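Colleague: Okay, here's what each chain looks like letter by letter:
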Amino acid sequence: MTKSISPRKSELLSAKPRINAGRKPTPFHPRQVEKCETNDWTLWAGYSVPNSYHSVELEYFSIRNGATLYDISPMCKYRIKGPDAERFMNRFVPRDVKKIKPGRVAYAIWCNDEGHILDDGTIFRFGPDDFRLCSQERQYAWLMDSALGFNVEILDETDDIAALQFQGPTTFAILEAMGIKGVETLKPFDHKNFPFAGTELMVSRTGFTGDLGYELWIEPGKALELWDALMAAGADRTISPIGSLALDMARIEAGFIQPTVDFLHAEHVVRHTRGRSPFELGLDWQVDFGKGHFTGRRALLKEKEGNSSRYCFVGLEIEGNKPAHNALVYHKQKKEIGHITSAVWSPTMKNNLAMALLQRPFGVDIQEDLWVEIYVDKELKWDRVMAKAKIVDRPFFNPPRKRLTPPARF
Amino acid sequence: MTTRYDTIVIGAGHNGLTCAAYLAKAGKKVLVLEAKDRIGGMAITEPTEDGVLIPTCAHLLYQLHPDVIRDLNLNLKMAASSLPTIALGSDGRHLKILGETLTAMNGADLSSKDQENYTQVMRDLKKFARVLGALLGQKPPRLKNRDWEDTKTLLKLGLSIRMMGRKSMQEFLRIALLNIADQLEDHLENDLLMGVTAMEAVWGTHLAPRSPGSVLSLMYRLAGSMEGTQGAIGIPAGGMGKVSEALEQAATRAGATIRTNAPVKSLLVENDTVIGVELESGEKLLANSVASSADPQRTFLSLLGAEHLDAGFTRRLNKIRNRGDAAKVNLVLDGLPEFNGLSQQDLAAKLVIAPSINYIEKAFNHAKYGEFSEHPALEITLPTVVDPASSRSNKHVLSIVAQYAPYQLKAGWSEEQRADLGEAVIRTLEAYAPNIRKQIVSQQVLTPSDLEQLFNVTGGHWHHLEIQVDQLLMMRPLHGTAQYETPIGGLFLCGAGAHPGGNVTGAPGMNAAQRILSRKG
Ligand SMILES: Cc1cc2nc3c(=O)[nH]c(=O)nc-3n(C[C@H](O)[C@H](O)[C@H](O)COP(=O)(O)OP(=O)(O)OC[C@H]3O[C@@H](n4cnc5c(N)ncnc54)[C@H](O)[C@@H]3O)c2cc1C
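In order, the protein sequence lines correspond to chains A and B.
For the first sequence, the tail end lands on 410 under this note's numbering, and the numbers increase by one without skipping.
For the second sequence, the tail end lands on 931 under this note's numbering, and the numbers increase by one without skipping.
Read the hints as simulated data drawn from the structure, not as lab findings.
Certain hints may be false.
As the list claims (entries may be wrong) - Mimicking BS3-like on lysine-lysine, the simulated pairs with C-alpha atoms at most 27 Å apart in a straight line are:
(1) 506(B) / 81(A)
(2) 694(B) / 291(A)
(3) 99(A) / 291(A)
(4) 772(B) / 805(B)
(5) 675(B) / 81(A)
(6) 506(B) / 487(B)
(7) 577(B) / 566(B)
(8) 694(B) / 487(B)
(9) 675(B) / 439(B)
(10) 291(A) / 675(B)
(11) 523(B) / 487(B)
(12) 390(A) / 378(A)
Computed from a predicted structure; not experimentally measured.
Build the full structure now, drawing on both the sequences and the hints.
Modeller: Printed below as a string of structure tokens:
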């Protein structure tokens with residue numbers, strides 16, 4: 001037998017899952033291995049997930065023009081049940097959980113005692129005393145600490161549920177084609193269970209792309225069946241799995257912040273001044289001072305009343321087409337006033353977008369004459385570009401199809 | 411709901427009463443609510459059917475703050491205010507200690523070197539303790555957002571450390587976090603002397619002589635004084651309960667109302683401010699502020715409720731060290747006990763069974779693993795001898811603190827375990843007083859778990875929570891409660907769980923009252 005020096009593609013594909021020691025495969029892993037031509041994997045909360053499958057750009061365009069599968073099984077999922085569940089949740093997050101009705105989902109952040117954000121995520125309400133909290137990072141310890149004095153049961157369901165983010169204009173049509181009856185009634189932030197493959201498929205009209213789309217939740221044993229059914233039903237509608245890099249482009253267009261990118265978990269930072277309050281991340285709307293106490297409330301009230309927020313989080317449109325990754329922001333091209341946390345050249349909007357953290361009063365009282373210093377690599381010759389930036393509202397990308405119920409059948 | 415009080419004080423232990431007395435004296439409308447049918451908390455004297463008075467829990471007075479006595483005009487007579495300590499040796503050769511003077515009894519070993527060094531060691535410790543003592547009667551300074559008063563307190567503390575002179579200052583800083591065993595073994599050689607001195611450092615704590623921080627805890631104990639003598643110990647005429655009664659009178663005299671059998675179920679909160687209390691009976695009472703002398707976990711978790719607190723705060727609260735390790739055993743005897751090598755007069759003393767540092771360490775080992783000591787260290791007083799008026803018959807009382815008996819017993823505290831603990835104490839006594847068993851008419855054994863039940867103190871802890879560097883001064887009971895304030899408006903702490911700590915001192919109650927009075931608005 002002769003040894004080939006470079007393996008052929010078929011060999012690559014049939015190879016064992018490429019999982020580094022200590023990383024777990026998700027329930028979708030076998031399909032991902034088949035599809036992942038770039039073999040570019042990343043770590044997410046202990047799991048390996050693809051950064052990309054074949055081409056980040058094509059994957060991105062599938063989000064905006066077709067349907068995409070993004071594996072969110074590593075998403076940390078915590079079930080919170082019991083007589084005090086609502087009281088517990090209301091003490092846990094700054095927003096008013098009473099307003100989230102069963103069958104609904106809500107975006108939420110939560111803070112430490114100093115009013116600095118620990119993480120963000122979504123709250124699913126199943127019943128009066130039954131919630132699920134989903135977050136990118138592990139939160140079990142903080143949840144357990146928060147449970148002291150409350151009659152609740154907290155279960156880590158992360159490994160018990162496989163999940164896909166199913167996003168793009170054709171997703172609704174594909175779900176219908178798959179025979180999911182009644183999915184047209186789902187309004188944004190609704191969730192509902194549907195029979196599928198002899199089990200329950202939970203569909204929520206949620207996502208991280210700012211487009212029409214759903215998140216699909218199923219028992220791990222049925223994960224591959226779900227994947228296959230979606231791929232089959234979507235064959236005519238440009239369906240494609242996507243990795244984290246394409247998703248990231250879409251989430252910046254949607255103006256969503258991301259933990260570890262736009263802010264750091266306040267209890268993980270070494271320098272305690274690195275914590276960020278909701279007011280410093282443009283999340284004022286998350287803070288309900290009128291609903292009673294929640295962790296961080298007194299600190300946040302003090303910050304609000306004392307007008308002592310240090311930062312202001314803004315969306316920027318920047319001149320030119322060079323994404324302003326990690327760039328510094330200046331006032332009048334001179335005074336350094338902040339930095340870019342996320343940046344993308346938006347292929348859909350044909351615009352150079354970014355989110356930035358500015359030192360107040362910049363971004364609040366002073367909004368004009370902002371500049372971003374971008375370093376551009378021209379074949380190992382670095383140029384410094386001072387690009388003019390303009391504060392704009394987020395979401396940058398906000399198509400009507402995202403909200404339409406029933407959604408259009410693209 | 412007609413009346414609105416200026417302050418409602420929760421708990422009529424001696425600190426709650428002190429706080430109430432100060433507030434009432436300043437013209438405030440004060441109501442004290444006590445869960446039990448009597449006032450006094452852990453500082454009480456109770457009559458038995460045998461016609462004797464028993465100091466159910468605390469039995470010796472050594473730290474009642476002089477300002478409290480003076481400001482509140484306490485009517486307090488002492489049966490004895492300078493009791494000697496006798497370290498019992500099993501062979502009848504004991505050591506008597508009064509102040510810095512040592513006496514070898516019945517030919518006990520005592521070198522002149524030990525005599526001399528003991529004096530020096532104690533003088534140093536007392537000198538350092540005075541530095542701490544200056545802080546007992548003040549609100550602890552804040553480190554962040556401090557006001558001028560806090561800065562002054564900090565400066566004074568720094569200054570008094572500096573004023574000790576360079577050498578003393580170095581010594582203070584060296585030993586403050588040391589363990590008492592190292593410190594004693596550096597200077598002394600007599601086992602009995604080291605045992606009794608080391609034990610002084612660890613009564614009421616979850617520490618043994620080799621635990622770091624035990625020097626600090628000794629300094630805390632030595633920071634107090636009796637009738638001007640630092641480190642002196644005494645017993646009030648009529649027993650420890652008289653301190654509480656005197657405080658009750660002072661409070662009532664000043665116009666405070668005291669209600670017993672009035673357990674507070676919860677605090678009433680409106681707009682993130684405590685506005686009153688609800689009793690178990692359902693009765694609601696309103697006040698501009700509430701001062702709680704209930705222990706911190708009880709105050710925050712059961713009375714206020716975690717939903718009014720931040721999660722980081724309740725996490726820290728849940729971790730405070732508040733598990734008692736001292737049991738109380740009260741024996742009624744049919745007559746005077748006979749201890750080997752002690753005369754009748756000698757019984758008017760504090761007797762200590764802690765014959766060596768290793769004896770204590772071995773006793774502590776059990777506690778580390780959730781067992782009680784087979785050979786506990788004992789602190790024994792005979793209140794009926796010191797204060798003959800406290801017995802109406804020829805019966806006598808042995809009041810005994812026994813260490814170690816952990817709150818969380820591995821096997822769980824049961825009737826049987828309690829009886830076994832009582833037996834271990836009696837067996838230990840028998841080595842020094844062989845006939846004692848026959849003399850016992852009745853006995854009361856109170857484990858930390860019993861103390862918790864009896865006195866409504868979570869963990870049954872002597873100081874409500876450990877006196878340790880991380881639970882001291884502005885860190886007491888925990889970060890986020892500086893200067894008797896709490897995270898929520900209108901709620902203050904005024905019991906042993908607040909600065910400076912436990913023992914019958916009145917200091918937390920006094921300081922808290924002053925803090926409440928100095929509040930703006
Ligand atoms: C075994 C033992 C021996 C000791 N020996 C000594 C000693 O010899 N000398 C010494 O100085 N110290 C001694 N101490 C320590 C001393 O007794 C305490 O530190 C001191 O009594 C604490 O006083 P306090 O007023 O702060 O609290 P406590 O005396 O504990 O009083 C608190 C009061 O609050 C009440 N309360 C609690 N919850 C409620 C509620 N919800 N509603 C209404 N009321 C409530 C309780 O019933 C209690 O009466 C000893 C302690 C122990 C355990």
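Colleague: For each hint, tell me whether it holds in the structure or not.
Modeller: Do the hints match the structure? See the list:
1. 506(B) / 81(A): violated (63 Å)
2. 694(B) / 291(A): Holds, at about 23 Å.
3. 99(A) / 291(A): holds (10 Å)
4. 772(B) / 805(B): The hint is violated at about 34 Å.
5. 675(B) / 81(A): holds (26 Å)
6. 506(B) / 487(B): holds (25 Å)
7. 577(B) / 566(B): Distance of about 19 Å is within 27 Å: holds.
8. 694(B) / 487(B): Distance of about 38 Å is beyond 27 Å: violated.
9. 675(B) / 439(B): holds (22 Å)
10. 291(A) / 675(B): holds (24 Å)
11. 523(B) / 487(B): Violated: residue 523(B) and residue 487(B) sit about 38 Å apart, past 27 Å.
12. 390(A) / 378(A): With Cα atoms ~25 Å apart, residue 390(A) and residue 378(A) stay inside 27 Å; holds.
Violated hints, in rising order: 1, 4, 8 and 11; the structure is consistent with all others.
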